[in-house]
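Work out the full structure, taking the sequences as your base and the hints as a guide.
So the protein sequences, as listed, match chains P and X. Numbering-wise, the numbering used here puts 284 at position 284 of the first sequence, and it's gapless, one number per residue. Quick note: to get the numbering used here, add 404 to the position in the second sequence (first position is 1).
In case anyone wonders, no lab produced these hints; they're calculated from the structure. Any given hint could turn out to be false.
With a straight-line Cα cutoff of 27 Å, these simulated DSS-like cross-link-like pairs (lysine-lysine) come out [what the hints assert, rightly or not]:
#1 K788(X) <-> K96(P)
#2 K532(X) <-> K237(P)
#3 K531(X) <-> K190(P)
#4 K237(P) <-> K9(P)
#5 K190(P) <-> K532(X)
Counterexamples of contact, computed for chain P against chain X with all Cβ distances above 10 Å [stated by the list, open to error]:
#6 S12
#7 V58
#8 P119
#9 P163
What follows is a set of in silico ranges between Cβ atoms, one per label pair, in the way DEER data are often shown [stated by the list, open to error]:
#10 D316(P) <-> V416(X): 14 to 24 Å
#11 L350(P) <-> G707(X): 21 to 31 Å
#12 V696(X) <-> D316(P): 25 to 35 Å
#13 S496(X) <-> L350(P): 15 to 25 Å
#14 I692(X) <-> N76(P): 52 to 62 Å
#15 S79(P) <-> G714(X): 31 to 41 Å
#16 A271(P) <-> F777(X): 23 to 33 Å
#17 R400(P) <-> D486(X): 52 to 62 Å
#18 A271(P) <-> A529(X): 52 to 62 Å
#19 R400(P) <-> S496(X): 45 to 55 Å
Backbone N, C-alpha and C fix where the C-beta goes; we use that ideal spot for every residue, glycine too.
If you want the building blocks of each chain, they are given just below.
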Amino acid sequence: MRIIDLTLKDLSQIFRDKRSLLFLVAMPIIFTLFMGFAYKSGKDEDAVQDNRIPLGWVNNDPGGVVSQELFEMLSNSDSIRVVELAAAAANDSVRKGEVAGVLIAPAGYSEQAEAGDDPQLTLVTDTNSAQGQSIYQLLRTSVTKVMSAMEIARLSAGMTGKPADASELDAAFASASRAWAEADSASLVKVELAVEESFLGDWYGDNPYNQASPGILVQFAIMGLVSSGQILVQERKTRTLQRMMSTSMRSWEIIAGHTLAMFGVVFLQIALLVVFGQLALGVDYLRSPLGALLVSVALSLWVAAMGMLIGAMVKDDSQVILFALMAMFIFSALGGTWFPLEVSSGAFALIGKAMPSAWAMNGYQNILIRGLGLESAWLPTGMLLVYALGFFVLAVWRFRKMDM
Amino acid sequence: MKIVDIALKDLVRSTRSLFLIGMAFAAPLLLTGLIYLAFGSIASGNLSLPDITLGVVNADALPADAPLDASFGESIRSMFFDESVRSWITASDYPDEAAARAAVDAQEIGVAVIIPAAFTEDYLAGKKDTVITILQDPTLSIGPTVVRDMVTSLLDGIAGGGIAFNVLNERLAANGQMLDPASIPSFFERYAAWYTDFQRAMFHSPEKAALVVTSPAAESEMSDPVRSMMGMMMSGQLIFFSFFTGAYAMMSILQESEEGTLARLFTTPTDRTTILAGKFLAVLFTVIIQGVVLLVAGHYLFGINWGEPGSLTLSLLGQMFASVGLAVLLVSFVQNSKQGGLVFGGALTMLGMISGLFTANIEIKAFDLMGNFTPQGWVLKAWKLSLAGSPANELVAPFLVLATMGVVMFAIGAVMFRRRFA
Numbered sequence: 001m002r003i004i005d006l007t008l009k010d011l012s013q014i015f016r017d018k019r020s021l022l023f024l025v026a027m028p029i030i031f032t033l034f035m036g037f038a039y040k041s042g043k044d045e046d047a048v049q050d051n052r053i054p055l056g057w058v059n060n061d062p063g064g065v066v067s068q069e070l071f072e073m074l075s076n077s078d079s080i081r082v083v084e085l086a087a088a089a090a091n092d093s094v095r096k097g098e099v100a101g102v103l104i105a106p107a108g109y110s111e112q113a114e115a116g117d118d119p120q121l122t123l124v125t126d127t128n129s130a131q132g133q134s135i136y137q138l139l140r141t142s143v144t145k146v147m148s149a150m151e152i153a154r155l156s157a158g159m160t161g162k163p164a165d166a167s168e169l170d171a172a173f174a175s176a177s178r179a180w181a182e183a184d185s186a187s188l189v190k191v192e193l194a195v196e197e198s199f200l201g202d203w204y205g206d207n208p209y210n211q212a213s214p215g216i217l218v219q220f221a222i223m224g225l226v227s228s229g230q231i232l233v234q235e236r237k238t239r240t241l242q243r244m245m246s247t248s249m250r251s252w253e254i255i256a257g258h259t260l261a262m263f264g265v266v267f268l269q270i271a272l273l274v275v276f277g278q279l280a281l282g283v284d285y286l287r288s289p290l291g292a293l294l295v296s297v298a299l300s301l302w303v304a305a306m307g308m309l310i311g312a313m314v315k316d317d318s319q320v321i322l323f324a325l326m327a328m329f330i331f332s333a334l335g336g337t338w339f340p341l342e343v344s345s346g347a348f349a350l351i352g353k354a355m356p357s358a359w360a361m362n363g364y365q366n367i368l369i370r371g372l373g374l375e376s377a378w379l380p381t382g383m384l385l386v387y388a389l390g391f392f393v394l395a396v397w398r399f400r401k402m403d404m
Numbered sequence: 405m406k407i408v409d410i411a412l413k414d415l416v417r418s419t420r421s422l423f424l425i426g427m428a429f430a431a432p433l434l435l436t437g438l439i440y441l442a443f444g445s446i447a448s449g450n451l452s453l454p455d456i457t458l459g460v461v462n463a464d465a466l467p468a469d470a471p472l473d474a475s476f477g478e479s480i481r482s483m484f485f486d487e488s489v490r491s492w493i494t495a496s497d498y499p500d501e502a503a504a505r506a507a508v509d510a511q512e513i514g515v516a517v518i519i520p521a522a523f524t525e526d527y528l529a530g531k532k533d534t535v536i537t538i539l540q541d542p543t544l545s546i547g548p549t550v551v552r553d554m555v556t557s558l559l560d561g562i563a564g565g566g567i568a569f570n571v572l573n574e575r576l577a578a579n580g581q582m583l584d585p586a587s588i589p590s591f592f593e594r595y596a597a598w599y600t601d602f603q604r605a606m607f608h609s610p611e612k613a614a615l616v617v618t619s620p621a622a623e624s625e626m627s628d629p630v631r632s633m634m635g636m637m638m639s640g641q642l643i644f645f646s647f648f649t650g651a652y653a654m655m656s657i658l659q660e661s662e663e664g665t666l667a668r669l670f671t672t673p674t675d676r677t678t679i680l681a682g683k684f685l686a687v688l689f690t691v692i693i694q695g696v697v698l699l700v701a702g703h704y705l706f707g708i709n710w711g712e713p714g715s716l717t718l719s720l721l722g723q724m725f726a727s728v729g730l731a732v733l734l735v736s737f738v739q740n741s742k743q744g745g746l747v748f749g750g751a752l753t754m755l756g757m758i759s760g761l762f763t764a765n766i767e768i769k770a771f772d773l774m775g776n777f778t779p780q781g782w783v784l785k786a787w788k789l790s791l792a793g794s795p796a797n798e799l800v801a802p803f804l805v806l807a808t809m810g811v812v813m814f815a816i817g818a819v820m821f822r823r824r825f826a
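Below you can see the structure in the form of structure tokens.
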């Protein structure tokens, strides 16, 4: 009962600070809308614009059959838009972002290819960028096809007994190039998303908020650490904690009371974002209401318990903010709320997947993106509860050692 | 003189604050290091791929009359179990499609390659409706794309063999010759050997590949992917914590108000504008010192080349104007230091996030778009140009935008302060 009294006291205190409360609720809603809008407008823009990746083309091999064939192949591509450039403009065009990359055919390129040497094309691009990576992948296929056509022509000319006959080589090259243009290995591969059949047509790709909404929800829930951590510091500052310690209330009860209050605030925030996502943005959290509820409850408990640990570790408000923000950055970054963990590697990805924030994201993604049901929420919920319990025990232990 | 006194007093106070020191210097370096670990494989200059967990269902079989050693399905399967890919692909066999689907659903594997029965037979017969299915976890994108490219590449190799055979037949006929069946195996072997060497060079020996990639940066130092990426990552942290430091340093006005020293200062013959200007000067110095320290640390710890001196100076000055302007504006809105903590933490984090500060090395169109509306977004644009080696004249436009933003935000904040403390 005393735990509940303490919880109610905290809640009444928090709800009196209207501006902070507004921040806790309004900010995530505004940012969810903003991010969803940005993703959406990006998609709409793509739909009306020429969405092909711009590639600069510098040909130092004018009149060469192989470079000419490559140019035509790229010009007919649905993914690449070729922009002819002067050699001197190559670097600047990439640096200024006018093209994603510049492909340079060196002088004598075709001649070397015909002779069976290994000529090299140069691609100037920033491979750290997504477009740079895409253009590199696309060019590898085209270059392979053109060089394959030339090798086939060389082998064929050799078999016909005319290895040095330029017209035979050209005829075989033209024939092989035509065949390559018609060959479409990609059509033999079908990509399918592993989502529930009843869920198809409503997955991630169709609603940009399916990504933005849970990401912001988890990050703002973790933001609750600041409020959570400040409770103990404020009580210590106003000496109410010391007074409370002189009562028969035990340490764990004090921490439990405060944790419960913070759980209420964080859960309320999450619930509002879920309802907002559901009604205003069409993010279907309620396709598995119990699943969404379980993950949300467990997430709120973990955040509240970790906030208590921070509150028990620090001495003043500024330290709460420092610790809470560091924790928020680490858990958000490691947990995949800023970027998918898939892009990270090694130890980071391994540690990241074990983070409570990653489990929360996983729980929501199971419902929203994978289209799974309640059964998919049990594991993330269980893991979050284990973390919540662990942080709660640590908070009680640290609280007992706290210097009043 | 009073302005300088107030500024000095605030500066001394800042240097005594462990919090400010932590947020200004330790946190950005720590986070840069953390993100460095996240993209370790890229940062190490090896643009290697993330670990892929893959399931293979191979129902294909070699037709009795096929002139092949193994079915295409088996070739595809072997490719994923090959020693050369074992460091980044963990492949497992699944008996059927249902088992593979269950494994993807349970997130045991990220992608499954399902090769149907009679794939080889139908391919050789020219039937194009028997296809390989790549089943992927919908939250993944890189791994499935790599797997699809590998399968397509192998099918291209097979298609190449077919094309080679057809072209040979066509050219022999055009020359009035007949194909000698005994020469077919050696013909295929020569083509297959060429294709294998070509692909090996393309994927494993970049210096020998038919397509060589170079960086657009003019200076050789900039073409180092490690330094280039670390520069992008650290610029994001530099900007975020510069705004944070500015806001917290400016919060001293609220702390003084709560402690009563501001009220005492108001009783002296010191103009309100002088007090605000003194505080502004202290924040300015703090942000400049922080910027310079982090730039130097970034250069020596991560080998970052921040760009030409003129470009670097304009970026730093633009960052300074914007961060101090936003600091004054934000502090003018909050009522006390407790509220400030929450508002600064949330507002600056979210502004940083939507401006792409935490994902500066990844191209996200939405963040680029949103960055046009935030001061952090414009500072990031300036640093990106500077890091790319752009001359100072290309940074004049973002600098002017930032200076204007800074002045406007400062003016609004100053008016609100004067009203509050009138």
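So, going through the hints one by one against the coordinates:
no., hint, verdict
1, K788(X) <-> K96(P), "11 Å, holds"
2, K532(X) <-> K237(P), "75 Å, violated"
3, K531(X) <-> K190(P), "15 Å, holds"
4, K237(P) <-> K9(P), "17 Å, holds"
5, K190(P) <-> K532(X), "12 Å, holds"
6, S12, "17 Å, holds"
7, V58, "13 Å, holds"
8, P119, "7 Å, violated"
9, P163, "12 Å, holds"
10, D316(P) <-> V416(X): 14 to 24 Å, "19 Å, holds"
11, L350(P) <-> G707(X): 21 to 31 Å, "27 Å, holds"
12, V696(X) <-> D316(P): 25 to 35 Å, "28 Å, holds"
13, S496(X) <-> L350(P): 15 to 25 Å, "19 Å, holds"
14, I692(X) <-> N76(P): 52 to 62 Å, "54 Å, holds"
15, S79(P) <-> G714(X): 31 to 41 Å, "39 Å, holds"
16, A271(P) <-> F777(X): 23 to 33 Å, "29 Å, holds"
17, R400(P) <-> D486(X): 52 to 62 Å, "57 Å, holds"
18, A271(P) <-> A529(X): 52 to 62 Å, "59 Å, holds"
19, R400(P) <-> S496(X): 45 to 55 Å, "48 Å, holds"
Violated hints for the displayed structure, listed by number in ascending order: 2 and 8.
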